[in-house]
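Participant: Can you build the whole structure from these sequences, using the hints too?
Number of protein chains: 4
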Amino acid sequence: MTRSGGSDIRSAILQEARKVLVEQGYRSLSMRPLASAVGCTATSIYLYFKNKDALIHALIDEGMGMLHQHLTAALAVADNAAGANGTDNFVDAAERMRLLASAYFDFGLANPEYYEVMFMLHPKFMERYPAEMFRRARRNLELFARQLHEGEGMLPEDRHAQGAQVWSSLHGAVSLLIANRVDIRIPAEKLRELAIDQAVSVAAAHPQSN
Amino acid sequence: MTRSGGSDIRSAILQEARKVLVEQGYRSLSMRPLASAVGCTATSIYLYFKNKDALIHALIDEGMGMLHQHLTAALAVADNAAGANGTDNFVDAAERMRLLASAYFDFGLANPEYYEVMFMLHPKFMERYPAEMFRRARRNLELFARQLHEGEGMLPEDRHAQGAQVWSSLHGAVSLLIANRVDIRIPAEKLRELAIDQAVSVAAAHPQSN
Amino acid sequence: MTRSGGSDIRSAILQEARKVLVEQGYRSLSMRPLASAVGCTATSIYLYFKNKDALIHALIDEGMGMLHQHLTAALAVADNAAGANGTDNFVDAAERMRLLASAYFDFGLANPEYYEVMFMLHPKFMERYPAEMFRRARRNLELFARQLHEGEGMLPEDRHAQGAQVWSSLHGAVSLLIANRVDIRIPAEKLRELAIDQAVSVAAAHPQSN
Amino acid sequence: MTRSGGSDIRSAILQEARKVLVEQGYRSLSMRPLASAVGCTATSIYLYFKNKDALIHALIDEGMGMLHQHLTAALAVADNAAGANGTDNFVDAAERMRLLASAYFDFGLANPEYYEVMFMLHPKFMERYPAEMFRRARRNLELFARQLHEGEGMLPEDRHAQGAQVWSSLHGAVSLLIANRVDIRIPAEKLRELAIDQAVSVAAAHPQSN
DNA sequence: CATGAATGAGCTTTCATTCAT
DNA sequence: CATGAATGAAAGCTCATTCAT
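Protein chains in written order, with my numbering: chain A, 704 to 913; chain B, 704 to 913; chain C, 704 to 913; chain D, 704 to 913.
Just so you know, the hints here were simulated from the structure itself, not pulled from any lab data. Any given hint might turn out to be false.
Some chain D residues near chain C, calculated using beta-carbon distances under 8 Å [stated by the list, open to error]:
hint : residue
1    : GLY728
2    : MET734
3    : ARG841
4    : LEU844
5    : LEU846
6    : ARG849
7    : HIS863
8    : ALA864
9    : ASN883
10   : ILE889
Straight-line C-alpha distance at most 30 Å; calculated DSBU-like pairs for lysine-lysine [claimed, not checked]:
hint : chain 1 : residue 1 : chain 2 : residue 2
11   : A       : LYS827    : A       : LYS722
12   : C       : LYS827    : C       : LYS753
13   : C       : LYS722    : C       : LYS753
14   : D       : LYS722    : C       : LYS722
15   : A       : LYS893    : B       : LYS755
16   : A       : LYS755    : B       : LYS827
17   : D       : LYS755    : D       : LYS722
18   : C       : LYS893    : D       : LYS827
19   : D       : LYS753    : B       : LYS755
20   : D       : LYS755    : C       : LYS722
21   : B       : LYS893    : A       : LYS827
Derived, one-sided and incomplete: chain B residues facing chain A with beta-carbon distance under 7 Å [as the list claims (entries may be wrong)]:
hint : residue
22   : PRO826
23   : PRO833
24   : MET836
25   : ALA867
26   : SER872
27   : GLY875
28   : ALA882
29   : ASN883
Backbone N, C-alpha and C fix where the C-beta goes; we use that ideal spot for every residue, glycine too.
Facilitator: Here is the structure:
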């Protein structure tokens with residue numbers, strides 16, 4: 704997913720940027736400190752990335768790739784389990800959604816700064832996001848729609864909307880937790896449980912075959 | 704240019720700050736451009752706000768006040784309607800939540816500039832958020848918990864968590880719509896409907912007497 | 704010595720300025736914090752002092768007055784002691800210089816920030832010092848010359864020079880101690896002793912009748 | 704305008720800073736005017752100095768180096784003279800101190816800009832003065848102690864104190880002359896003579912073998 | 001006598017970026 | 001491929017001072 708074959712320096716820059724991003728946040732990611740952390744000059748970064756935007760975009764892209772792996776890995780677990788015993792589809796759909804939602808939630812909380820740069824940046828910034836990366840990012844969200852069945856009164860176009868709703872609901876909880884906006888009297892664990900249960904309930908209401 | 708009256712410079716500053724904030728993001732909100740947009744000097748801003756933090760905090764506080772009015776007004780409508788006809792409690796609780804959720808959703812989309820600064824700013828800011836303002840902000844979120852009944856297997860402490868979950872779910876949809884992060888093939892109206900329905904379904908599962 | 708009959712506020716300003724000066728140093732003496740410490744507006748200060756320069760000048764003048772009192776009081780002690788028993792002049796002159804030098808030294812170390820503003824400010828600043836105040840300041844230094852005898856090969860004009868040298872020598876020690884420029888292995892007390900001894904030795908070499 | 708060669712911009716900055724410092728005082732030494740006097744941008748200064756402190760410290764360090772050369776050169780002259788004829792130690796010690804004191808005095812008056820920044824800056828700066836530079840600075844002052852003999856009632860630890868006293872006495876005269884604080888009726892030459900004589904008399908009272 | 005409001009100039013420092021080599 | 005040098009713009013903030021009331 705990450706463009707390979709590039710130079711070592713490019714990877715080193717991304718890696719260090721990631722580290723700074725995670726440790727100090729998006730605001731502290733500036734070119735010269737980054738360069739000196741990598742061990743090259745600030746000018747060198749521009750050999751590999753057109754500008755800071757491009758660097759961040761690459762970082763987001765990378766994050767989206769990681770999230771995709773994380774989510775598909777979770778679904779693979781579900782598939783294996785389903786394959787092993789002959790679990791019926793109803794349980795299967797709910798369980799798949801539970802695994803997917805849990806994976807999404809946990810990725811966000813485990814990589815808050817990644818999550819921030821991936822999903823909480825100002826829209827102005829995303830306007831410049833390359834279409835090709837955008838497409839890669841969208842795959843993650845489509846996983847949610849794919850867990851929902853189109854049968855029983857659910858129109859095909861509704862499936863996407865419903866998927867988006869499930870995702871947006873999870874995103875609400877994750878982003879508020881990351882931003883420290885949730886009342887401290889409410890344990891993150893409890894909110895996680897409720898948010899995931901809700902995602903599951905949507906999937907359960909609309910069982911899916913595969 | 705010449706502003707008359709008490710301290711509408713303060714308001715003008717807030718208003719302009721809000722505008723810049725939603726159009727360009729927080730990083731672009733800087734004192735001198737803000738000042739010149741308002742029509743005063745950068746120094747003057749410091750007559751009305753101790754520093755940039757205080758300015759942002761005032762903006763949040765103002766927004767929280769407006770939201771509170773908006774939400775309580777919506778609930779008042781529900782109360783009146785319930786008083787008129789003798790609707791039973793079940794319908795009542797669901798309907799109240801529908802009104803509350805709708806009001807919240809619509810406030811967000813109608814005042815994206817406020818919403819962004821209120822709920823989508825970097826956590827770093829909230830660390831310095833004054834306790835007194837924090838209390839005012841919390842009132843809004845408690846309205847959600849208050850619509851949920853503590854009966855039938857719902858523990859009192861769960862009520863707060865469940866309220867937070869309903870809120871966070873709505874927040875997810877609102878914030879993603881504001882940030883233009885939702886797939887353009889999904890109409891905002893549809894996502895709104897789904898998000899509100901879900902909030903209602905939580906309330907309906909836990910009917911409340913008042 | 705300090706202009707009296709003025710308003711209470713003028714005194715309050717000077718008093719507070721002095722306090723800030725002593726506690727935080729010359730650099731931290733700025734008009735608005737000063738005003739708010741006094742309990743008036745920054746504008747009000749300008750009713751009593753033409754500008755910041757004038758305020759500082761008044762402070763210096765005040766300090767010079769204090770120093771003068773301090774020094775003459777020390778000499779008065781010497782006079783009384785000399786009047787009581789019939790001490791001869793030689794001892795008298797040396798003892799008077801010891802008291803004078805000690806008093807000068809101690810004033811400096813006891814009021815370092817005063818001393819700084821009185822004697823260690825940039826010359827540029829003193830260019831604007833009013834002549835009338837300058838004359839008052841000079842009286843302090845003349846006290847040193849006055850302890851030196853004009854006899855025995857000392858020309859009258861040399862007396863002033865010698866007085867200035869004694870003073871400058873003391874000033875060297877005081878100012879370096881204040882500025883923390885003296886090696887920490889050398890106790891201030893020891894340097895004081897040596898500096899005062901030296902001043903005394905100059906006076907002893909040139910006995911004076913009164 | 705276009706400067707060639709290695710890093711004479713660094714020197715140009717130091718030189719200009721020195722000039723501003725003596726003409727206008729520390730408070731007037733600000734980065735942008737300094738830069739434009741040098742002929743570069745304010746940002747460029749930060750390529751050569753970490754910050755304003757480091758710039759000042761470099762200035763002090765440079766001055767201390769110059770002073771050290773000046774003083775040791777003067778002592779070398781004394782050594783040569785002593786080697787030529789078989790002057791006895793008493794005269795030698797006194798003469799050495801006279802040369803040292805004269806050299807110190809003349810350095811101060813010849814390089815007021817250096818002297819001011821070296822010895823007359825606010826103590827706040829010295830707090831941040833790097834230890835390594837501090838050691839270099841101390842060598843200058845130790846030269847004074849080294850001219851004083853540890854015999855005849857002078858304890859070894861007193862030698863340092865006595866050296867400091869000689870230095871502080873000279874410093875008093877130099878700094879007051881530089882700061883224009885000495886009564887204009889007293890010729891600088893006269894004060895110089897008296898101050899140096901006094902330094903010599905201390906050394907003469909405590910003859911030294913080497 | 002006193003003030004609230006306002007200002008212009010200034011501060012140190014950091015930023016992303018470019019260009020000649 | 002890589003660099004050192006340099007830059008313009010901008011940041012948040014404080015300063016002494018003025019003016020109309």
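Participant: Are there hints from earlier that the structure breaks, and if so, what are their numbers?
Facilitator: The structure conflicts with hints 2, 5, 6, 14, 15, 23, 24, although it agrees with all the remaining ones.
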